[in-house]
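With the sequences and hints as input, model every part of the structure.
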Amino acid sequence: MKIEITTPISEETVSSLKVGDTIEITGCIFCGRDAVLPKIVRLIEEGKLDTLGIDLRGSVIFHTAVSSAGVGPTSSNKLEIESSIEPLSIAGVKLHLGKGEIHMETIEALDRNNAVYAVIPPVTALLNDKTFEQEIAAFPELGMEALYRLKVCRYPAIIAAAHGRSIYEQH
Amino acid sequence: MNSTDYIRIVSLVSDTLVKAGSVFREDKKEAYIRAINAETNGNAKWVLETILENANKAEENHSPLCDDTGIPHLLLEVGKYKAISGHMLDAVRDGIAEGLRKLPGRPMGIMGNASERLDQSGGLNPDSAGVEPAPILIRQCEENVIRLHILMFGGGPAIRAKTYRVFHKHDTGVVLDEIVSWATESVAQLGCSPCTLAVGIGRSHFEAASLMLQAQADGRYDVQSDLEKEITQRVNEADIGPLGLHGKNSVLATFMKIGPQRASGVRIVCVRPCCCFEPRIAAVDLD
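Note that the protein sequences, when read in sequence, are chains A and B. Just so you know, we're using this note's numbering here: the first sequence kicks off at 1 and counts up by one. Just so you know, we're using this note's numbering here: the second sequence kicks off at 1 and counts up by one.
No lab work stands behind these hints: they were computed from the structure. On a predicted model such as this, the values are computed, not experimentally measured, just so you know. Please note that the accuracy of each hint is not assured.
[To be verified] Each computed DSS-like pair below joins lysine-lysine, with the alpha-carbon atoms no more than 25 Å apart:
1) B:K229 x B:K248
2) B:K19 x B:K29
3) B:K29 x B:K82
4) B:K45 x B:K57
5) B:K45 x B:K29
6) A:K2 x A:K18
7) B:K45 x A:K2
8) B:K162 x A:K78
9) B:K57 x B:K102
10) A:K2 x B:K248
11) B:K102 x B:K169
12) B:K248 x B:K45
13) B:K45 x B:K80
14) B:K29 x B:K248
15) B:K162 x B:K229
16) A:K39 x A:K151
17) A:K39 x A:K78
18) A:K48 x A:K18
19) B:K45 x A:K130
20) A:K18 x B:K248
21) A:K18 x B:K19
22) B:K45 x B:K229
23) B:K102 x B:K19
24) B:K248 x A:K130
25) B:K29 x B:K229
26) B:K248 x B:K162
27) A:K130 x B:K102
28) B:K248 x A:K151
29) A:K130 x A:K2
30) A:K2 x A:K151
31) A:K130 x B:K57
32) B:K57 x A:K2
33) A:K130 x B:K162
So, in structure tokens, the structure goes:
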């Protein structure tokens, strides 16, 4: 059974999610990857996130570029992306959306901050039909690697890490 | 070549690039259907069905299968009595640029001098056609044609591919063991599985990589050698599954090309874990 999730995501909703759950995400989500996420983390560490005028509480970060070709997950286990997961979770991000196995240290950090990691199939053509608005939220000079805000309807995903457990455990 | 022929080749190449980036070949669709029917893991089955649904949507819309639309890699086959000219190669290059704009390709050409291209400080070219194709590989073919294969290589498989020496100890099994070991590790890391493994074995890194590319052009999902079947089966035993979510279908098939070998204890092996959309390939006769 698919679980419908709407942003902003509440603490209670995240607490109820389990590894292996199939979800559909609706609402506004942020998109960023290797280039922009370390910049966001630096602002969080410097206490300057409010200079961007964005609120990460209850948010979703989708690890993707945004271009004329569409969107699709890049590997979340790339160094600059995976290392952003803990500080972004502390800042209020509740769902990190990408692909690939992440490390146990990251899974434990998600758990400490009541956040989860979900994988989304790289189905650009289908996601295009489920994306209704897009705008640059910060760092426009990064082009397709800027921080984007998308309005989406029923993005499909599977919970891959939650509450200290991972779907990849048997590997 | 007159201007009419030039324009015709540009158009053919452009349309073929769009096809490579947006259409699953029929044997690949059938391979997915077989995998869906055989899969017993619910999550894995859902991923396979979603990928096939995405392929049908991309074909219908002539739009990219994946947002990483890839770097064009070209294989040009030339029949015995055919000739190619520099002018024809110019037309191919213009056709690639036109196709990238039409698909549209992700604008990911890196601008700047050598150092700026390395650290990406020169910025991105906003034009999809700013992505230059890799050098063209040319080979002879039995048919008397000039045939261009266009392959779109994504970044994920490039990160996890490996070209290295294997000391074979005069035992084919040793080489296969190494391929299975590399592939199992890389497929688990890739994320975008089920994979198709492209393997080239030659005497140098260049030869092995070129054989890996040719294996993608020649390989068929419905025609598999015993060695290819063995590699596929052994990697699938690792229970990695589509998107790494477990299941029987980590790998759909293996496309392997074994070239001439050196009188030596070493083989140079190139293994590329092609993602769930690769090989993204289409071919066209230019003459």
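Here is what the structure says about each hint:
For a cut-off of 25 Å, the pair hint linking K229 (chain B) to K248 (chain B) stands: about 14 Å separates their Cα positions. About 15 Å separates the Cα atoms of K19 (chain B) and K29 (chain B), which keeps this hinted pair within 25 Å; it holds. Taking the CA atoms of K29 (chain B) and K82 (chain B), the gap is near 34 Å; set against the 25 Å cutoff, the hint is violated. Taken as a hint, the K45 (chain B) and K57 (chain B) pair is honoured in the structure, with Cα atoms around 18 Å apart against an allowance of 25 Å.
For the suggested pair K45 (chain B) and K29 (chain B), the alpha carbons sit about 15 Å apart, so the restraint of at most 25 Å is met. Restraint check for K2 (chain A) and K18 (chain A): satisfied, since their Cα atoms lie roughly 12 Å apart, inside the 25 Å limit. A distance of roughly 15 Å separates the Cα atoms of K45 (chain B) and K2 (chain A); the hinted pair therefore holds under the 25 Å criterion. With a CA separation close to 17 Å, the supplied pair K162 (chain B) and K78 (chain A) stays within the 25 Å bound.
As the CA atoms of K57 (chain B) and K102 (chain B) are separated by approximately 17 Å, the hinted pair is consistent with the 25 Å bound. Under the criterion of a C-alpha separation no larger than 25 Å, the hint pairing K2 (chain A) with K248 (chain B) is consistent with the structure, at around 23 Å. About 50 Å separates the Cα atoms of K102 (chain B) and K169 (chain B), which puts this hinted pair outside 25 Å; it is violated. Between K248 (chain B) and K45 (chain B) the alpha-carbon distance is near 10 Å, which keeps this suggested pair within the 25 Å criterion.
This hinted pair does not check out: K45 (chain B) and K80 (chain B) have alpha carbons roughly 47 Å apart, beyond 25 Å. A C-alpha spacing of about 17 Å is found between K29 (chain B) and K248 (chain B), which places the hinted pair at or below 25 Å, so the restraint holds. In summary, the hint linking K162 (chain B) to K229 (chain B) is supported, as the alpha carbons are separated by about 20 Å, within the 25 Å threshold. Between K39 (chain A) and K151 (chain A), the direct Cα distance comes to roughly 23 Å. Compliance with the 25 Å bound is thereby established for this hinted pair.
As the CA atoms of K39 (chain A) and K78 (chain A) are separated by approximately 15 Å, the hinted pair is consistent with the 25 Å bound. Distance hint between K48 (chain A) and K18 (chain A) is unfulfilled; the C-alpha atoms sit about 33 Å from each other, more than 25 Å. Between the alpha carbons of K45 (chain B) and K130 (chain A) the distance comes to roughly 21 Å, so the proposed pair stays at or under 25 Å and holds. For the hint linking K18 (chain A) to K248 (chain B), the alpha-carbon distance of about 23 Å falls within 25 Å, and the restraint holds.
The hinted pair formed by K18 (chain A) and K19 (chain B) fails the criterion: a straight-line CA distance of about 40 Å is larger than 25 Å. Between K45 (chain B) and K229 (chain B) the CA atoms are separated by roughly 22 Å; this keeps the pair inside 25 Å, and the hint holds. The suggested pairing of K102 (chain B) with K19 (chain B) holds, with an alpha-carbon distance near 11 Å, which does not exceed 25 Å. Distance check on the hinted pair: K248 (chain B) and K130 (chain A) sit about 29 Å apart at the alpha-carbon level, beyond 25 Å; violated.
Under the criterion of a C-alpha separation no larger than 25 Å, the hint pairing K29 (chain B) with K229 (chain B) is consistent with the structure, at around 19 Å. Simply put, K248 (chain B) and K162 (chain B) have alpha-carbon atoms about 24 Å apart, close enough for the 25 Å limit, and the pair holds. For the hint linking K130 (chain A) to K102 (chain B), the alpha-carbon distance of about 22 Å falls within 25 Å, and the restraint holds. Simply put, K248 (chain B) and K151 (chain A) have alpha-carbon atoms about 35 Å apart, too far for the 25 Å limit, and the pair is violated.
For the hint linking K130 (chain A) to K2 (chain A), the alpha-carbon distance of about 16 Å falls within 25 Å, and the restraint holds. The suggested pairing of K2 (chain A) with K151 (chain A) holds, with an alpha-carbon distance near 20 Å, which does not exceed 25 Å. Taking the CA atoms of K130 (chain A) and K57 (chain B), the gap is about 12 Å. The hint holds against a cut of 25 Å. Between the alpha carbons of K57 (chain B) and K2 (chain A) the distance comes to roughly 22 Å, so the proposed pair stays at or under 25 Å and holds.
Annotation: proposed proximity of K130 (chain A) to K162 (chain B) is violated, straight-line Cα distance about 36 Å (limit 25 Å).
Hint compliance for this structure: hints 3, 11, 13, 18, 21, 24, 28, 33 are broken, all remaining hints hold.
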